[in-house]
Every structure is written in C-alpha cells, then in structure tokens.
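Protein chains in written order, with the numbering used here: chain D, -19 to 278; chain S, 79 to 284; chain Z, 8 to 758.
If you're looking for bench data, these hints aren't it; they were derived computationally from the structure.
Among the clues, some could well be false.
Here are the simulated DSS-like cross-link-like pairs (lysine-lysine), alpha carbons at most 25 Å apart as the crow flies [what the hints assert, rightly or not]:
hint, chain 1, residue 1, chain 2, residue 2
1, S, K231, D, K233
2, D, K(-4), S, K215
3, D, K(-4), S, K96
4, Z, K685, S, K96
Across the chosen pairs, the derived CB separations fall in these ranges [as the list claims (entries may be wrong)]:
hint, chain 1, residue 1, chain 2, residue 2, range
5, D, K258, S, F222, 31 to 39 Å
6, S, D278, D, R268, 25 to 33 Å
7, S, S282, Z, E208, 22 to 30 Å
8, Z, E208, D, G58, 56 to 64 Å
9, Z, A284, S, E128, 24 to 32 Å
10, D, K123, Z, K734, 25 to 33 Å
11, D, G168, Z, K734, 49 to 57 Å
On the chain D side, residues computed to face chain S include the following (Cβ under 8 Å) [to be verified]:
hint, residue
12, S(-1)
13, D175
14, T179
Each residue gets a CB set at the ideal place from its N, CA and C atoms; glycine is no exception.
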Amino acid sequence: MSKKQYAFYPGCSSQKGASAANYTTSIGMMCDKLDIQLNEIPDWNCCGASIGYAEGGELPRLVLSARNLALAEQNLGGQDVVSGCPACWLATRESVERLHESQSLLAEANEALKEAGLVLKNETKARHMVEVLVEDIGFEGLKKPVVKPLGDLKFAGYVGCQTNRPFGIAGESFENPVYLDKMVEAVGAEAVKYDQKVTCCGGALAFSEPDKSQKQIRDIVESAYDHGADMIVTPCQLCQANVEIYQSEINKKQGTKFNMPVVYYSQLLTVAYGGSAKDAGLDGQLIRADKLEQIASK
Amino acid sequence: MSNANQQAVAKYKNNFLKEVEANVEEGHWVKMCMQCGVCAGSCPLGPHWEHSPQKIFMMIRAGKREEVLGSDSMWMCTSCYNCIVRCPRKLPITHIMHGLANYSHRLGLAPKGQPTREIAKLFWDNLVKTGRVNELKFSLAMYFKDGFGQGVKNAMAMQGIGLGLMKAGRLNPMEIFGGHVCKDKSGVQKMIAKAREIEDRRKSLA
Amino acid sequence: MADNKFAAYICSGCGIGDKLNVGALEKIATKEGKMAVVKSHPFLCSTEGVDLIKNDIANDGVTHVCIAACSRRAKAEAFTFPETAVSRANLREGVLWVVAEGADHDEVRQEMAEDYVRMGCAEVKKMMSPAGNPDKAQSKRIMVVGGGMSGMTAALAAADAGYEVVLVEKTGKLGGFANNMLKRVPFNAPHAEAQPTGVEELAAKVTGNAKIKLHLNSTLTETAGAPGRFVAKIAQESGAVAEETVGAIVQATGFTTYPLDKLPELGGGQANVVDQAGLEAMAKAANGGAIKRADGKEVKSVVFVQCAGQRGSGGNGDGSHLEYCSGHCCATSIKQATYFKDANPDVDTVVMYQDLRVPGMGEDFYRSAQKKGVIFTKAKVNKVAGGDACKVEFKDLILDEDTATDADLVVLATGQVPVSGVNLDEWTTTVTAAESGDEAAKEKKSALQKISVLNLNYRQGPDMPQFKYGFADSHFICFPYETRRTGIYAAGPTRRPMDMFQAQEDATGAAMKAIQAVENATRGRAAHPRAWDLSFPKARLEGCTQCKRCTVECPFGAIDEDEKRFPVFNEQRCRRCGTCMGACPVRVISFENYSCDTVGSQIKAVNIPDEFEEKPRILILACENDAYPALDMAGLQRLTYSAYVRAIPVRCLGSVNTIWITDALNSGYDGVMMMGCKKGDDYQCHFVKGSEMAYYRMSKIGDTLKQLGLEPERVQTQEVAITDNAKVAKLIDDYVAQLNEMGPSPMKGFG
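Bound-form chain D, shown alone (with noise of 0.2 Å):
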C-alpha cells in the first residue's frame, strides 16, 4: 500500500529546540508505523498563534497563513495541509474559510503575498494531524500496528480547547468529544472519566495573566488525580506545555504535590507501536513519565 502523503506544517513550537520538539518526534515514529508521509512546507512561516491578533490585525494575520498555504500549493500540490499544533491547525483552516468566504479578502491577501512572490487560490484543506489519524486511518487502523498495549495505564484524555473548538474533530460534540478517549482505548489503555476533559489552561494568557491560568490548571490537574489518572494526555503543543510546566509553580505558591506527567497522544500511539522512549520523545518530558517509559523498555 502506497503511504499516505500530507503536506506538513510543523509550527514553530515544533522546531528542533522548541518546546514541542519531543512532540515532533514522537509524530515522526507514529506516522511511520501508520504508512502516512509527512511532506514539510517549505519555508513555513509563522501562523499568528491565538494572540496574533492583537497587534495583527485581521489581514496581516490571515496572509501568514495565507503564505504557508501558497508555498503548500505551489510545492505540495494535490496535498491537504497538516498540522500537529491546534493553533496552527485552527489559524490555517480559519484562513482558508475566510478567504473562501470572501473574494475581496482573497484578493487584498493576494495582494499582500504578491510582495512575498506568491499567489493563493485557495484550493487546500487544512487539518489536524488527529484528523487525519481519525478520519483516515481510523480507530480500527490506529489498532493494527499496537505491539505493546498500554493495558496497565490510566490516562486522564484532556482534550483543551482548539482541536475541540470551533470547529472540533469529525464532528464530535464540543461539551464532551470522544476521540482522545477513544485513541487511549485503541492502545489497549484506560481513559478515566474526566470532567476537565475540555477546560481551557489559560493559553497565552499563562504568561500574561498566571494566577488566573494557573487556576485552571490546578482543576485539570487536581481532576486528572481524582479520576484515578496516572497521566494527563493531550492533543495541544500549549496544554502540554501549560499543564506540565506550571505544575511547579502550583506546588510552590499554593502547596499542592503535583507530579502528574502530561503525554502527547502521539508518544501513547509511538509506544504502543514499539518505539522506543527515545522515538516517542519521553526524554522531552519535564515530569518524566515513568510508567510509559518503562513499558517502552520493555
């Protein structure tokens, strides 16, 4: 069977370095396994992330995306834009549903990307890499290449916001999806009942505003501990970040002994698969994840 070919748009907490580049890895060994080409854009820029807004504007923004879904087009031809990061997910597909909506926004875009030499017709999806995992390949395929299931580990599946919302994975519903849950499952593992399941961490707001953040990481976390949840796992480069992260800053300021280790669904599918801790990227891990390295090392 041929593999399935996606132009891939890594972002740039996913760069060599970044704070998700574990996540890049562990994307890399998953994607193997499951026959799917990941063809890098090249050039990619940046897409604005979710407060882009404030000093872009509405244009300046949309052109980011726009230009990375030129250089798709031009390069990639044929290809649907995929991307591990829900913020460049969401900033791409809401480009392209923008422009779609409005020829005279497609055109002052075109405008814009003409001084960067490019030229967009708007002919490309954009999706997430849990799309294309559930929609393409499909619980069913998820299974086949599971070597090791992870039959003894509970995971607590926090799904965050922006795979979630607005436009959410193959139509699920927004107040409680199923596919993380679902993904746990397909890996032979547990997926505790979760009630923070789509609470949002703060998102950018974490640098900006901690106290308030932080709170809400302390629910998902403290929620995770109650439900019986060895680890948190996550679809969102900035969920991980925020709930693995600050766990120490809420144990210092408000005396809690959060150790919760926060995995990418990517790592679960990567050992499962046979991958090493290495090729899941369980050394990226600031709250090591024991348990799913040692049934790595196995």
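Since the structure of chain D is provided, determine the placement of chains S and Z on it from the hints.
Chains S and Z only, in chain D's frame:
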C-alpha cells in the same frame, strides 16, 4: 492616528455600532446578539471580565465608545472558543473580542500596561523579525518587559523551569544567536507590511 | 315491543377463572341478580364469546346484558350491541388485578367479585338502551359572526367543506383590522420579510363564494335555539331584520386596541407618540416610502416600547392596565421597524423590550430585522414624553443603569382587548336587580344588550361565558375549540390575544368544530366530550318543584325556563354530564341508561356484612373521565388496594345526587369516597363545573350526616387525575385505615 476617535457618539443611536461594523473584525455580527448571556456563562475567565461579551455588545449598541474601547475585558480572552460554539446566534464572539482588542490597541485606547496587550505585541514583533517565533527571545523579552531589574527577577523565578526545558531539549540556549528563521524573511516582512497597509486604509487607521 | 329479558355473561379468561369461583358468581347472577340467562365463557371477548351473546339477543329475546369481565373501558367495541342495554361488572381491573395475591385474600376477593356481579345485574335492570333524540335538528348551515381575517377564513373553510355559510359583519366592509395594515408578519419561509396581508384577495374570495351569504352593516339582535336549529335575527342597516336558521356559530369578533389615553406616563395622547395601529396607518400612507409624522416631518429615529400597558407592567409597575401579554406585539414591532429600515437603512430603529417573545418562526424574522440593523435593547421604559423630540427614559437592563434617549417618533406596543360581548356575571347581577325593580339596573341591562355580540336568549345570559381578562370562552380543559355554549365556537383574538397567522389557523379549527357540531346535532347525538352519545336527560315535570337548580347549575346553559319556570331542555345544547340530575332535589331528571335508579340500585345491591364481621364497606363514586381510569390503571400496574371498596363510575361528580350518599349510609356502608377532577380556576373537569358543584353540594350535607348520627369523615371528596394511579390506591388504603379507627358505621343492620 485616525480621526475615528474624534467622532461624536450619540447614545442609543447606531453611530458606534456602525464604526464597529466597519472597522472591527467580524464587527457586523454585533447587532445579531440576542442578549441571552450564554457567552458570559461559558468563559473560563468569566469572573475577570469587567464587562462580559454580552454586555460589550449591548454597550456598543448603546454607543459607549470610550468604555468599550478602553476596557481591559477583551484582553481576558484565552481564545478557548467556548463562547463561539455555544452562542445560539452563532456569533463569532472570540473573533469579535479579538477584533475589538486589536481596534482599541491600534487606536491607542486600550489600557496601558495591560499584560496580555504587551505580550501580544512582543509576540508579533518577534515573529515579524524572522517569520517564525523564537521562543527563547520571546521569553526573555517577556521577562524584561518591565525593565532589567524586574526581568532578572522574573528570569530567576522561572529559572528551574527554563533549566528543565533545556535539559529536556525543549529550550535551546543557542537560539539567542539566531535560531530558526524563514529563508524569505524579507518577503514575509514585506507581505505583512503590505497587508497592514491595506487593512489600515480600509479602517481609516493610516 | 317484546318483554325485557335479562342475561348475564361471566368471563373466566385473563385469569378470572383461576382466582375466582365463577360457578358461585353464576349462582349469584341467577338467584340474586334474577337473570333469566346466565352463562360463562373462557374468552368472552373472542368472536365466539361475542357470538354467544349476539345469538342470545337475536334468537333468545335477550334485551338486557350484564357482562362480568373486564372494565367497561376495555373491549367496549366487542361488547356493544345495538338496541341492547349493557352493564359491565369489572372483575378484572376492579378485582383480580387490585386485590392482594394469596389465599388470605381469597374470601374478600370472591366477595368483591360477587358484589360487582350483583351491582351489574341490578344496574342493567334499571337501564334502557338510549333511543336517541327524536327531535332531530335540521340545519347544517354555519353562521360566522365577524368578517375580519378570522371570520373570513372560517367562512371559507366551512364553505370549502361544502357547508352553507351566513357571514355577519357589523361594518360595511370585509377585512376588519387587516384593512388598516400595510403588511403582516411573515408566515411563509424564509420568514424574513413582512408579507402582504392578502386581505383584499380573501375578501374577494368570500364575496365571490356562492355558498357564503353576506350580511354587511349588520348585527345580531337575537339568537335562539340550539345546535342544528339556531334562529338568528339580523338587524340590517336599513332597519329591517333578517332571520337566518343555522346549525352552528363561529364567533370571530376580534379585538380593539388598548386606549392610548390610558397610558399618559408613556406619552399616550402626546404628539408623535403612537400605538402600533397608528404606526400601521402612517406606514400605509407612506406605502413603502419614508414614513412621515403627523407634522409632515420624516422620521429619522424611532423607538418602539414593548409591553406598553401590558403584562402588568403598564410602564408604572403597579400592575395596572392589561395583565396579559398580547403575543403578537414583539413580531409586530419587528415588522414595523423593518418598514423604516427598508425605506431608509439609516433610520435609527430601537426596540426596547423586556422579553422578546417571537415564538415559532418569529425567531427567523427577528434575526432578519437584526441583520437590517434594527437595534434591540433590553430595557424597561419608565417614561415617554412626546413632542418634536420625544424623550424616552428607561432602565437598560443589561447595563443596569437608568438612562434616556430621544427619537422623532415613539411607538407603543399596546395590547389587544377582546370584543367578546357581555360579562355573564355582570349580566346575572344586573338582571337579578332589574327583576326586583331596580330602574338603574334596567337601564344597564339594555345597555349590556347593546354591547352583546350574540344576544342569545339563553337562561344564563346573552353571550358566551368569559375567561379571565374578558376573553371569550374556548379551549376548556383537554378540548381544543370547545366552549361552554354547545355549537358556538370562538375564533381569533376574541378568545385569546394572537397574531394573524394564529387567528387564521384558529378560524379553520373553529370551522371544523362547527361542522362537527351540526353533524352531531342533526343525528341527535351529543357533542364533545361524550361525542356520539344518544342518551339525553328527560324530566318528569309533574314532579318538578321549579326550584331552578338545574337551569342555574347546568355548566353549558343548555336548560332554559318556560313561563311557569319549568325547565326546558335543549337536547342539542346538552353535553350529557348529568349535572342537572345531580342537582335535582326531587330526582325527576334521568337518562335512559344513567339515572338515580341505575346507580342507586347498585348501591343497594351490595351485600353489607354485619358489624361483627369487621369487614367495612366503602362506596367509591368515581368520575368516569379521570378517577375511574386511574383505578383501572392501578390495576393494570398491579397496585393493590383494599378489597372492601365498591367502585361505581359516574359521568361526572356533578351528576352525583345526594340521595346516593344517604342511601349508601342508610344501607350500612362505613364510608363514601367521591373521586373527581380538580376544581377551581385551574379545573380539570371535562364538564367545567361538575366537580366544583359536587364539592359545593357535599359541603352542605354535614347537617344530614349529623342527623343520622354519623361523623362527617364518613363522606370524603378527593381530587384524582387520570395519572394518579398510585395515589388512588394510597387514598383508598388510607381511608380504610381511617375508617377502621373510627369503627363500623352505627347504621349497620338498619338498612
């Protein structure tokens, strides 16, 4: 600076609403709010908004220009999109809040020193430089936004985390000397400048 | 006519034969019930079982049948035999399913079954198969009163269904309120734009319809008769009086607007403050162009004040003005705001509402207006001052602040006031005073007659009864379109506030009911809720004491009085509830198949054990509409209750004659439970006043009980809804426990 700030705004007339419709991203949706308040009840940072989105929509219709554009409420948005998916009238509330924040920021009416506003500006400036965000430089810029002394304190406070990230390969100290960039960064910069020029013209901000 | 021959058939199916001694029941039917034919069958409702009965009727001269099987509510079709009186002894739902399991209860279970067989036999002996009303009415014509949108729609609906229609309109033109409107709220998809009213087309259709006879400039001076035979006197402009015989009446007399001058606090009566009707006239004059004020100035800003003088708000918060919501005004203001926006999008249009109520597709219209830039402000308007620049003072309910704005024009969304004729309570008081010679009352009476819509010559007054707030009677509990005046149906805003779409739908429904009424009346059958019932009340007038209780208490105004004050029954108006029978102190009113005797004989047929047996007997008189089904359903759910009760279904608690209570107590029953529907303002009685009457009458029998030396607790009245199956079982068991504490009735053994 535009002359938009000098416009007289009559109460409960449509002047400010029309300004918002013309100049704020997705502003034409404001009139469609039916005042149910679901957005206010759905926001994770709800209690920290001085004026909920519901109220902001009402204030726009009531012509409260200074109160709206000078408010720090919109800056509380975490971009979680909960309000969007729950709004029975399908208003793109998150985008409208972003649009209002951007508009007030560009008019110079947004609260001075509002932390999210400052960080957002640093973020954008960071990305414009090379086309990609340099997390290390962005972080350092954040720590030092309140001056050198406070920056050292901030950096020290987060030292443990920084070291941890470095050890984990998720923060590269070498990024300070350049790091990831777009090859065509000048193209990116020109493109952004052009887009901004077009948008400012459209919004009479030029 | 052949002699009566009585037969009893006992079913042993559904487990009856397993738990009960059917042989013993047969013996009871023969010996005590004195049935000429007694048979049992293992599956009586089967074709074979039914044929057995049919054969006896056809070949053995059986005229009266007692069926001891399931509840009368089950297998009704199988056990209906033309021209044969049928009683039902409820062994299945009434005994088998409700008496506790086990041998301990065998004896009481059998006793209960035997009593029901005794009762069934006793009842059927007093019954006759109803022959129907010999005095069948003839007219199937339908009169519509009011030629507005509702009236025209009703007239066309009836005419299209093939019925002749007489349409009476007091003005010289069809169309009513719609004639003054530019457009109406959208009623077709996509519900985004105001639509033409279509009133002229509708009026042309009515005028051109050969089946519709028009009386313009006409009013009713008298309406006499009953369904199928109403005679209406129609005063015409010329002064002549036409007479029309019709079978049913649709009253579609519409509404008037709440007087603006009653709302001075909202600027009523001041310059540039209009109501929605006023704005409609301005819009009609502008006909799509810029809307101009009375002073000729083009309106550039307009504020709509919702709920003006409505919903108890009245603008002054003291609950004055109309207490209700008129329902259409939100959508109407939305429509009127779009008049402005469509002519000139720059006109500032603000709708100030407290709750925007746009049911159904109105939400789409609301959204459409928002898209056009109509601004909706959640606000409570406190004060409006008219003038060249009107000032509106209000509290912004979202921003929680008192503020004000100005506008070229203010539109007050005032409410609908029904045109429903005379208030019958006022009528009764006035007539009573007038009869005792009060001159002022006499004058008032003739004034009331002038505002009357129908001028019915009924004993109970000239118009339909009114609901709260003066709306014409309609839609009483469970029965859409039904009224307390059989054959007369209210449609449109006369019966509740509504918009044009609802009014037209309403009118169609009322026309259908009118058709049903004439069809039933001309067949000599009852209307709702005992539709198709052929029985009707008969009175032995030689025994009547002219006490007028029946004529006063009839919930449907079906009984008039002749010159000598004897009751005159109008069978076609009668709903067969038996409230008259319950009222009659001398018991001269009865139905062929339901009378003081049919129930009384059942009460007396029960075997009352003596006081030493410690087996009390409790009589239950249960409303057949709710309480009796609730008892049946308790059985269906296998809820148990005491085997000491004996239940008799009654048409309505209103039909319970106090003689039954005294008979029961005299016979040695330990208690009587009456189970009927909820009474009061939120009544659930199918006959509106029946349960109310029963409570009232029972409140008066305390003295009688005392004379008998009985505790008042020996007679209980309970409210039971059809869903109360669990409650009904508990009520019974609690009452039995209470009676056990009181001890046996001292009347035992004297009966």
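Unmet hints by their number, sorted upward, for this structure: 3, 4, 6, 7, 9, 10 and 13
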